[in-house]
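Colleague: The task is simple: from the sequences and hints, build the whole structure.
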Amino acid sequence: MTWNDVVFLLPEIIISIGASLLLLAPVVGWRQRETSAKWSMLILLGITALTVIGCSYWVQEIPQSRSLAGMFALDGFAIFFKLIFITAIAMITLLSDDFLRESRYSVWEYYSLLGFALCGMMFMVSGMSLISIYIGLELMSLSSYILAGFFKNEEKSTEAAMKYFVLGAVSSGILLYGISLIYGVCGSLNLLDIGRALSTIITNDALMFGVMLLGAGLCFKMAAVPFHVWTPDVYEGAPTPITAFLSTASKAAAFSIFARIFYLALHDFQLDWSNVLATISALSMVLGNLAAITQDNVKRMLAYSSIAHAGYALLGIISLNSLGLRGVLIYSLVYVFANLGIWATVLMLRRHEYGGERVDDFEGLSRRAPFWAFAMVIFLLSLGGIPPTAGFIGKYFLFAAAIQAGFGWLAILAVLMSAVSMFYYLRLVVAMYLREGREADVAITRPLQIVAATCLIITLLLGIYPTPLINQATESSRWIGARAAIIPHAGR
Amino acid sequence: MIPTHWFLILSAILFAIGVCGVLTRKNGITIFMSIELMVNAVNLTFLAYARQFHQIHGLIFVFFVMAIAAAEAAVGLAIFISLFHHRATIDVDEANLMRW
Amino acid sequence: MIEYAVFFFFAAVAVIFALMVVLHRNPVVGALALVASFFALAVMYVLLEAPFLAALQVIVYAGAIMVLFLFVIMLLNLQKQSEEPTRPLQQFLGYAGSAAFGIGLVYYLSKYAVMELPAGPFIADARTVGIRLFEAYIFPFEMVSILLLAAIVGALLLSGVRMEERT
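Chains as they are written, first to last, in my numbering: chain A, 6 to 497; chain B, 7 to 106; chain C, -1 to 165.
None of these hints come from the bench; they were simulated from the model.
Computed from a prediction, not measured in an experiment: that's the story for all the values here.
Just so it is clear, CB atoms sit at the ideal spot from N, CA and C, and this is done for glycine as well.
You can trust all of the hints, since none of them are fake.
Label pairs and their in silico Cβ distance ranges: (1) B:Pro9 x C:Ile129: 24 to 30 angstroms; (2) A:Val11 x C:Val44: 34 to 40 angstroms; (3) C:Ile129 x A:Val11: 16 to 22 angstroms.
Where chain B lies over chain C, by a calculated footprint (3+ residues, C-beta under 8 angstroms): (4) 48 to 58; (5) 90 to 100.
Sample of chain B residues facing chain A (criterion: CB under 7 angstroms; computed from the structure): (6) Phe21; (7) Val28; (8) Ile41.
Modeller: Here's what the structure looks like:
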């Protein structure tokens, strides 16, 4: 460990120390101060974000951007995702504010666990060795299990935590076994070494088992179809801000690590996995979208929609080309912000314990809060991939990547399923604009307004003028693209 | 010196037994014990390969997996206790407030 | 030859007790069987020339984790709780699926994973592991300590008594 390593790891060091310090606040008698908890968390996230940006300039000066004996990379891909995670966690902090104030749970532990989860995600997305990826993944998952069950006086929350935990532990066992078999065949845990070994080894069946088990474990984390059973229940039962966390930051982390492992380590492992993953992707899109139509609970509907979105993101991973890699980056960003905006609107409707959770609760929102109803429409259009919004850019890249890689049928299916998804998104729009609502008040608080407005600006701006995002994604994916031997294309 | 593949076969058998426990049992604690069995099978594979390659990486991975399994056990059992406060059962199929 | 005898004896012990964990109805018996299975695995680690990990296996798994399991089983008084049998179809699918998985895995491993052992001893004592751990792996190590901290916080939050009403 040299000073160089410390600089590389500075964001993680800061967030882990900061999150640990948050735990100390109740000891000095600040237990009740929700506002100072929120601000401490936001300041901590701000410092971390600045450090990440600072590190990115530092890294540009050093060609060899790998640290800790090759276990850690601070490339553009990692920095892009780290900034998404930090922003998402900052927004979730704002979303949690009123929610926590009303319930009587200890806020400091809540924010500190969010910080630990962020630390795990940031460590994971930089991981160049399966060891560090596994540790980061477990830190993220463990914090999520606890946060899902955080409202322990509510039976639903505890039940969600239990389901999430049992299935999550099984999936990490499976993931580990996959890692061990890959280690056995390649003789290394480093992603680049695995990639190098795979280009010379004749693929055998032990390796096939290993890659399939690893893929199954990762598919669980991103809730793709055969491994999705936990998603609706956990999303419904967990406290709403935590559902927002699971469906945005945690999901983007799963996309990122899936892309990193498959682009860096398994790009030469052409045997069958892209067909298997294509099937998983198709199943996720079909099942997620069709099941979402029948849901009356908004949290469950969004859970199924997030399963479908895992299917779309998989398109970018199986296509294994420059468009696909950039598509994963762009899509993650677009998806995270559209989804966070929706969750902010759902939380505005939270009049009582479970308000805002049913589709009926949206009735007449256009009269009660016209601007936020309009924002909600934009977010839904973005999730559906309709042109003036940013969602279109993300889907454009993913579908184009799939076509370029020869998965034309999958791209056609994805377009069809996007059309199906508009059906249930429009159900919410119809409820908001065409139905008479019961005259109940909405709780539009300042933090929720900030989150929804920021997401709205990002979603619209990137939809109308996407060039900076595309350039940034091209820049960020360069390092991995060069390693995966995919030639970067210029422009769109 | 016992060759590596004997250890790998033992580990595969133990892993399959663990998977079987996860699939067929309903008691949360037993399912969790089956998961521990799976994780231990993985450790055996790692160690067998570490000796095969004369690499310390595999061995250190086992070390990390043990620490993480301990943390996971603490959190998992705490969740079971929390659920038991509500339900007086840890049968995973009884946990059906929300439909599957 | 004696090594093979030890290996097969303890492999049999590990498998039999593992089966007991999965098949026995009483979770206390299951937990104790799991301890026995972990001890047998510790013997495997000794055979794999990693005495340090064998010691850790006994201390961490058989000692700490399993005591925690037993403690929770006793605390919640689960040994008396009868577990309903699973539906026959699920039972059958579970057995068949895991058997197919295991047989397939064993078949492929015995076919492809047969390798010559390299010459020379594999040094994996506490000293070697410690030096590597605190040189190259220091930051993952610290990450795991953060993970343990998160686990402590979570365990305290979730398993404590109901949240006190704040005044």
